[in-house]
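A.B. asks: Listed below are the residues making up each chain.
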Amino acid sequence: MYQYDAIDQQLVEERVAQFRDQTRRYLNKELSDQEFLPLRLQNGLYVQRYAPMLRIAIPYGMLSSTQLRKLADISCRYDRSYGHFSTRQNLQLNWPKIEDVPDILAELAEVQMHAVQTSGNCIRNTTTDQYAGVISDEIVDPRPYCELIRQWSTFHPEFAFLPRKFKIAVNATESADRAATQVHDIGLHIKKNEAGEIGFKVIVGGGLGRTPMVGVTISEFIPRMDLLTYLDAIIRVYNQQGRRDNKYKARIKILVKALGIEEFRSRVEAEWQHLRGKESTVPMSEFERLQSFFSEPNYAVLENNPASLTNKLADSAGFARWFERNTFEHKKAGYRIVTLTLKKAGQAPGDATAEQMHKAADLADQFSFGELRVSHEQNLVLADVRQDQLVELWDAAKEAGFATPTLGLLTDMICCPGGDFCALANAKSIPIAAQIQETFNDLDYLYDLGNIDLNISGCMNACGHHHVGNIGILGVDKKGEEFYQISIGGASGHDASIGKILGPSFAQEEISSVIQKLMNVYVENRYEDERFIDTYRRVGITPFKEAAYAKAN
Amino acid sequence: MPKLIKNGDIIDNPYNWLQDAGQEVTANSIVAAQKWLTEKDTIGNIAGIWLEAGDGVEFLQGVDLNQFDVIGVHFPAFTDGRGFSYARLLRERLNYQGEIRALGNFIPDQLGYLLRVGFNGFQFNENVDLEKALLLYKSFSVAYQGDVSEPRPLFLRR
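The listed protein sequences derive, respectively, from chains A and B.
Under the UniProt record's numbering, think of the first position of the first sequence as 1, with each following residue one higher.
Under the UniProt record's numbering, think of the first position of the second sequence as 1, with each following residue one higher.
One thing to keep in mind: the hints can contain errors.
Derived DEER-like restraints, expressed as beta-carbon distance ranges [to be verified]:
#1 A27/B to R24/A: 39 to 47 Å
#2 A106/A to I43/B: 53 to 61 Å
#3 G22/B to I98/A: 45 to 53 Å
#4 K35/B to S175/A: 18 to 26 Å
#5 N461/A to P2/B: 39 to 47 Å
#6 F59/B to P283/A: 53 to 61 Å
#7 N66/B to R77/A: 21 to 29 Å
BS3-like, lysine-lysine: derived pairs with alpha carbons at most 30 Å apart [as the list claims (entries may be wrong)]:
#8 K138/B to K165/A
#9 K278/A to K138/B
#10 K97/A to K138/B
Only part of the chain B face toward chain A is listed, based on derived beta-carbon distances under 7 Å [stated by the list, open to error]:
#11 I107
#12 V117
#13 F140
#14 P151
#15 R152
#16 P153
Honestly, the hints are just simulated from the structure, not real lab data.
Note that beta-carbon positions come from the ideal geometry of N, C-alpha and C, so glycine has one too.
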């Protein structure tokens, strides 16, 4: 993974010093609440319902075991010994003290980490596929490009006070989009043109929140050397012309929609003509420098399907289940990608205790070259596990609560922290997740249902991505009471779509029975091996709606 | 006389920022750009013009900007970042060489970014302690991106 040099290190240290001084002036009342607000947000610090929340960046999801141990350690000394992995490859601490945050940031800097621009109206942490670099059908490894974008966006002097937040995600394979790139302000799809040159298809104006939209293509191919000047052009147009009179209409998607993609594209092109070929054009030497950090680890020469694996697959249904659901094909023979799920019943989705973080770090050292990834689905990934060590890893993962064999299934939910923590939330989301986990606890049934994305957000800000869940649950406030609106038909992959609202919202205790009714409709209507989303697309919303609102006989 | 920060020093402010269209125009005035545009043949000598957020810089294409000693950029709120792009375009696209002065509700903690996009004059609101603001003049000694003072990104210098 990327290693800081003296300059990268100096930058994060200077940032810590700057924020230490800002915090001191705030606590001395030299900075007002209003002035401190964007300064703290650009260092990841929110003020939440009960306490501040600190969002730490895990750039494009890459984490070393040393860094994860540091996060565990920080959560013990400054917080309540756990953290929450978010959908955008960040880690959130829910209970730090404001006056401790500069010290936390200083400790993060010791392990080349930071909380820079994890919040605020600026360019946020760039995210990508958690399987980057280890899958066989990838066009190229997206991580060097993510690091290029990270450096370009970090302390960008022109774009620190945009109309609204700005999120970029990168995908590098035709076969899947695990980073939900089409619902980002900019989605980048790595491509090769006919001449074999690397570049990007650029998608703009996606986003969730109050006005969910799937992005539209602004350019089919931008050569990689021109990436930064093209991004500068898009964001310069947005910075000047995006709406600033209403925060709910301030995202780039609203500007793109208002102008239409043709007009928006021509404005970006006009701006780009001035920037293209100038100093920010990326030279080959920089691509090579960045790529050098992501060279392959020292893989052993191995065969696929060693006897120790195939024997266990035959002997143990539990292991076979876990292997099928929670591991993924690796580009190297004899290796496998393993997801350590953070979706154990009784634990909030995406939460990990300090003890679990230490355990995951140990497993990374023992089985996967000391590195981990954080996924959009709020799980941890060991990317380089030898197939002949899978049984041993499975045993250890079970013990640590990482082996719930439900990756991609109904109970592998995405869930925001909700009203238990978040000041913005209209309703709690964690109890809904818990209710669904308790109700749908029969593994055979879950397997039979197959791949279903269920996403829960506690308010329309949509941190739990409910719009793009096959089933989406949104917490709403009705005269001071918490209700839940259910939508179906959303998707976040290459076939991204926004879900449709089923109808009037439901009380908390009704949710599981409604989900059960939706599942019954699916099971009755599906063709063999047809996924929930495909059945929905074929039969439409009506049968689901009728079942959900049918009066009991 | 009110003070301002210019090129890293606290100096007396020689100019008068005319926020109100009805105010009398003198040779020391910084006049709203839109007003100047409609009255430029009759307005006489002025120190310079100022841009309101929303003006953009397109309409200054073809104008000899170096006739002005100063171009002001107004920040209606410090979170309104349009002025950052305006200053950069004034320097990099319109080749303006004179003082670019931040006006209005920007705050000392923004000085680093303001300097990098081409501002060199800072007329803070009256409640700001300029001596303390100067302490924040440069919080970072290096930067990844190119900017107005160093167009080459770090990757060309690493």
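A.B. asks: Determine which of the earlier numbered hints do not hold for this structure and return their numbers in increasing order.
C.D. replies: Per hint list: 4, 6 and 7 violated.
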